[in-house]
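Enquirer: Sequence:
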Amino acid sequence: MISIHQSQFLPWLPFFYKIKKSDVFVVLDHVQYQKNGVQNRNTIKTSQGGLWLTVPVKVNLGMAINQVELVTTDCYEKLVKTLDMNYKKSAYYSEIMPKIEQIFSRHISSLHELNLLLLKELFGFLDISTPLVESSTLNIESLKDDMVIEIINKVGDKEYLSGKGALDYMDLEKFKAHGIKVYTYDFDYTPYTQLWDKQGFVADLSALDMLFNDLPNSKDYLCNNGKIERII
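Numbering follows our numbering, in which position 154 of the sequence shown is assigned residue number 154; successive positions increment by one, without gaps.
The hints are simulated quantities; they were obtained by calculation from the structure and are not laboratory data.
Quick reminder that beta carbons are idealized off the backbone N, C-alpha and C, glycines included.
Don't take every hint at face value.
[As the list claims (entries may be wrong)] Only pairs whose alpha carbons sit at most 20 Å apart, straight line, appear in this in silico PhoX-like list of lysine-lysine: (1) K181 to K20; (2) K181 to K164; (3) K164 to K144; (4) K198 to K227; (5) K227 to K20; (6) K21 to K181; (7) K144 to K176; (8) K154 to K174; (9) K20 to K35; (10) K99 to K78; (11) K58 to K78; (12) K20 to K120; (13) K227 to K164; (14) K20 to K144; (15) K99 to K88; (16) K181 to K227; (17) K20 to K219; (18) K35 to K181.
[Said to hold, decoys possible] Derived DEER-like restraints, expressed as beta-carbon distance ranges: (19) P98 to G179: 38 to 48 Å; (20) M85 to D171: 38 to 48 Å; (21) D127 to I228: 27 to 37 Å; (22) K99 to H178: 39 to 49 Å; (23) T193 to D127: 18 to 28 Å.
Work out the full structure, taking the sequences as your base and the hints as a guide.
Expert: So this is what it looks like as structure tokens:
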């Protein structure tokens, strides 16, 4: 089974669930960068609720994700301070954060390179061994559904795990014609340990929140809160 998704900055848990359930994951890095998306930001929990943790980027219209660079590498100091301010008291901060800081200390200027290194680092904590393929290495020429089908055919798989949102604009008949089975998944958050109790449980945060607060249970949590369903 193959899954495909744009490069993201410190993604949320459903993103990792999809990857863990796949035999190969293709990171879309050759497609157009999406402004105000989650390719350069994600949410964390603070005493005031959710907060965007953002990597400032310089981007021109139509630029591919793998062409986007950081505005300044000085932003890493601010990222560390923000995480320190909001998670220093979490149970497993001292185990996770040094690994993140090691990546930040390299002062990488490429957004995609940063995202990929962070993704692989979090794989280790979540016991994910799924191979990664960058779409830019596949010489893809198609767009939209045809692009997805071309990627699947080049990787040599015939089962595709898609997010539910994508089903709204997918032409499933095209996938049928190519003999590709399509699956989707649900991920239901059950409350896990978080800081800032007055805010209540907040879902849809970066996976860092789970790792900082409840590292020993994160692997089981990832596996037990998702469900895969076949569409065609």
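Enquirer: Are K99 and K88 close enough, with their CA atoms no more than 20 Å apart?
Expert: holds, 14 Å
Enquirer: Quick one: are K99 and H178 within 39 to 49 Å, going by C-beta?
Expert: holds, 40 Å
Enquirer: Does K20 lie within 20 Å of K227 when you go C-alpha to C-alpha?
Expert: Within the cut-off at roughly 12 Å; holds.
Enquirer: Is it true that the CA of K164 sits at most 20 Å from the CA of K144?
Expert: Distance of about 16 Å is within 20 Å: holds.
Enquirer: Has the given pair, K144 with K176, been kept, meaning a C-alpha gap of at most 20 Å?
Expert: This hinted pair holds, its Cα atoms lying about 16 Å apart.
Enquirer: Next pair to validate is K21 with K181; report whether the Cα-Cα distance is within 20 Å.
Expert: Judged against 20 Å, a Cα distance of about 15 Å means the pair holds.
Enquirer: For a C-alpha distance cap of 20 Å, please report whether K58 and K78 respect it.
Expert: holds, 17 Å
Enquirer: K35 and K181 were given as a pair; does the straight-line alpha-carbon distance stay at or below 20 Å?
Expert: violated, 31 Å
Enquirer: Measure nothing beyond the straight line between the CA atoms of K20 and K144; if it is 20 Å or shorter, mark the hint as holding.
Expert: Given pair K20, K144 is violated - Cα atoms ~24 Å apart, limit 20 Å.
Enquirer: Straight-line Cα separation of K198 and K227 no greater than 20 Å?
Expert: violated, 30 Å
Enquirer: In this structure, is the beta-carbon distance linking D127 and I228 contained in 27 to 37 Å?
Expert: violated, 18 Å
Enquirer: If you draw a straight line from the CA of K154 to the CA of K174, is it 20 Å or shorter?
Expert: Roughly 16 Å between the alpha carbons, so the hint for K154 and K174 holds.
Hint violations for this structure: numbers 4, 9, 14, 18, 21, all remaining hints satisfied.
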